[in-house]
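> Here's the letter readout for the chains.
Number of protein chains: 2
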Amino acid sequence: MLTYQLKKTPGVPLYEALYRCIRGDILSGVLKANEKLPSKRALATNLKVSKITVETAYYQLLSEGYIRSEEKVGYFVEPVPRAVQATAGVAPQKTPVKNEDSLLDLTANGPVHFPFSVWSKLQREVVLDLGERLLMPLHNQGLPELRQAIATHLGQFRGMQVDPEHILIGAGTDFLYNLLIQLLGREKRYGVEEPGYGKIRKIYAAAGADCVNVPMDALGVDPKCLQNAQVLHISPAHHFPTGLVTPLSRRQELLAWAAQAPDRYIIEDDYDSEFRFSAHPLPTMQSLDGGHRVIYMNTFSKTLAPSIRISYMVLPGELMAIFREKLGFYSCTVPSFQQYTLARFIERGHFEKHINRMRKFYRSRRNQVLDALLAAPFANRLTVLEEDAGLHFLLKADTKMTDKELTEWCEQAGFRVQALSEFYHGDVPASAKQQLVINYSGLSDKDVETLKQKLRDNKPSLQGEAL
Amino acid sequence: MLTYQLKKTPGVPLYEALYRCIRGDILSGVLKANEKLPSKRALATNLKVSKITVETAYYQLLSEGYIRSEEKVGYFVEPVPRAVQATAGVAPQKTPVKNEDSLLDLTANGPVHFPFSVWSKLQREVVLDLGERLLMPLHNQGLPELRQAIATHLGQFRGMQVDPEHILIGAGTDFLYNLLIQLLGREKRYGVEEPGYGKIRKIYAAAGADCVNVPMDALGVDPKCLQNAQVLHISPAHHFPTGLVTPLSRRQELLAWAAQAPDRYIIEDDYDSEFRFSAHPLPTMQSLDGGHRVIYMNTFSKTLAPSIRISYMVLPGELMAIFREKLGFYSCTVPSFQQYTLARFIERGHFEKHINRMRKFYRSRRNQVLDALLAAPFANRLTVLEEDAGLHFLLKADTKMTDKELTEWCEQAGFRVQALSEFYHGDVPASAKQQLVINYSGLSDKDVETLKQKLRDNKPSLQGEAL
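Same order as they appear, the protein sequences are chains A and B.
Going letter by letter, the first sequence gives residues 0 to 466 in numbering that gives the first Met the number 0.
Going letter by letter, the second sequence gives residues 0 to 466 in numbering that gives the first Met the number 0.
With the rest of the complex left out, here is chain A (with noise of 0.2 Å):
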């Protein structure tokens, strides 16, 4: 029977725990191929933990095809390409898995420094002065306080006017995209950015609304390529991947183009505004507008956590009609305990105190990264683009390498890192390729060291031919 000793560390789940706890001794030739593993229940039992965490780790070795399964029977190890149960003594080759634990992830974003202690003070706050309250039906736009707060926020720390009567809260973007499509209808066409976050063009598919590629040159999206397109998708404050900031020329052309037909809108998708490290951001496209053709989106994913999951967007007028009369027996769908809590967060000034104190933290991350890199013995070959906001920058590499082999490259370094040309949905055009998006957010002291280290320890295979 496989036995383990689990520690319980703080940010890891103990199924996670356990998955990768197995996956070390397939890896490592510890379990053989095809060899049995003990039932859920048997394992479970054997290391005193609940069954759904044994469920949970083996589905994950599952899915990621480490495992399979046969009916009624059991559980068995799959077999794994010599080259990766060889990590452990001999040298790494070029294999799309590895001992992933080991590397360095520069793709995902990490858990901020959540304030803990007020949020909890909060919501026991909010219990005790509002009691009954908390359990009326909720007004399906959110909470008019959560709304006056964030209209007020908008007001201060983007210029905005906002009327909270415009505002509607949800659980999520995802889910904020879904009504956006049943209130603008299914039988529009949506222009997305080329390149861009790919989940959009997914949620748009689920839907049943068809997506258009619209190029990004220099300035963003390019003004000239939105013919087939009704409704615009765009983040001019702070474009993923690039980290490009579209200029107020043609924030006021693509505003022209919204303006030419009563159907055109533009959902400027304003996600990480906040960390922008230098100078005042730009005024949004919905301020520039007059709230006419924008429809403005936020969420609290990345200010707070991505498990808060609350979002809000804020519609014109006319929309905000439709939505009531067409949409509007939707219920809200964040509870109202979160709601009040975060209302009261907000009114007392401790987001705008937690923003502050987490652009400060991401800035100095940023640097120590950029330092590390400049210190590397290839700097000369690196360019750093767009580095001005958070949570992430372009690294440009003067390389003869294809991206595929460069990210594989950097993998056999230690690090996990996505190119440019992994966003682009057709044609990667030559000036978007050997760029690496360099994600720091999820990176802890611990790591910045590491990273570091790393450079200066590959400095051999670092210089000539390698880059």
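Be aware that a few hints might be false.
One copy or two, either will do: identical chains are not told apart, so a pair holds if it fits within one copy or between any two.
Derived DSSO-like pairs: lysine-lysine, alpha-carbon spacing no greater than 30 Å straight-line [stated by the list, open to error]:
| hint | residue 1 | residue 2 |
| --- | --- | --- |
| 1 | K47 | K120 |
| 2 | K71 | K359 |
| 3 | K201 | K395 |
| 4 | K50 | K359 |
| 5 | K395 | K359 |
| 6 | K352 | K120 |
Keep in mind the hints are simulated off the structure, nothing from the lab.
Got chain A; can you put chain B on it based on the hints?
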């Protein structure tokens, strides 16, 4: 300037209190037709409330037609029919608008006796125990711990064998229905109960899917009328609004229908099965079927509070696999804080205790309402139907009045109540007429006393021809 003493009443938001004051003044003639209302800012200052409180009250008055807005000028009182204005002194006329505050509401669910102190304690405990883990991105099906707790609960309470890996948690059933439509396909035809809960049709329509009405007979939806449907959406445990429980034989017939073609599914909405008063509930269709063709749905809106915003569904393994493949990119919509709190609430037996307490409470409430009705002078002309489960029953009246006359007569007598015929979307069969849907869950102790008194007070007018 309007001046009101706005009392902070538990359960009544301030804007609702203000709305009621202004509406009262319009109806009683204190505010005259075409009189200009103070600006939102001025009224807010005068009443020492926030501007959004006034805005929300004005918006509610606007949307109900009590006032009108003239752009850049302000808000004005709309002319109100004389009969309505007269409610204060003159005998009430038959008009749709009344002094609604004095009506006993038998149409709405009330807030339940929420276990605030336990919930608050668990919320605090979760933050202290878990810290950073609360910030990790959530499993898109929902927290494994919560899914395990739900599976165990369904096993103990409903005798269901449910794999937590087949559970999907979401922010309310509206949201889950939308996911289901994306999963099963917009091109499918969805059979819904006639009569039935109107919101379901609206959701299907908004998502672009076709609904077909499936008429009900004395045993539930009629399997002979399913030719056109591919997916059947029903509530066999306790149909709304009839309260009908579908017997085993009919459940088997419906399952046989589903088994006839590979694309047929039954959505079993089990929304208030917890409040069955006598005997054991019938096995769910999901258990009868072994989980192949039945999608089981339930919610904590009824058992805890609507504002808690947690629902879930149990998918057949095959559909779960399709969900993971096609829609696995969606993020979970329920905040981690809330999911961990609810998981502990269930695991430690608080949920079961709470349901038992509420069931007892609702049974006693139902008995009080039945007693009051039986003591009415016209009791011999009433028949109570389907009173064996929460939170409503049907009341059949032996009368020559139409349903419209009957509900208007109830309003004159002091009760807001809906007729069964209002839940039909096509023709209403004769057998469904002269029946009232009595929802008693929103009544307070004081309301029950008022109910008894009103039934007594109305004695003279309720005899003979009146009913």
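> Please go over all the hints and tell whether each is borne out by the structure.
Status of the hints after comparison with the structure:
In this assembly of identical chains, K47 and K120 lie within 30 Å of each other by CA distance solely across copies; the values are 27 Å between and 34 Å within a copy. Within a single copy, K71 and K359 get their C-alpha atoms no closer than 55 Å, and across copies no closer than 43 Å, so neither meets the 30 Å cut-off. Taking CA atoms no more than 30 Å apart as the test, K201 paired with K395 passes inside one copy only; the shortest distance there is 28 Å, against 51 Å between copies. Taking identical chains as interchangeable, the C-alpha atoms of K50 and K359 are never at most 30 Å apart, the minima being 43 Å within one chain and 34 Å between chains.
In the homo-oligomer, the alpha carbons of K395 and K359 lie at most 30 Å apart inside one protomer (25 Å), although the nearest pairing across protomers, at 68 Å, exceeds that limit. Within a single copy, K352 and K120 get their C-alpha atoms as close as 16 Å, and across copies as close as 27 Å, so both meet the 30 Å cut-off.
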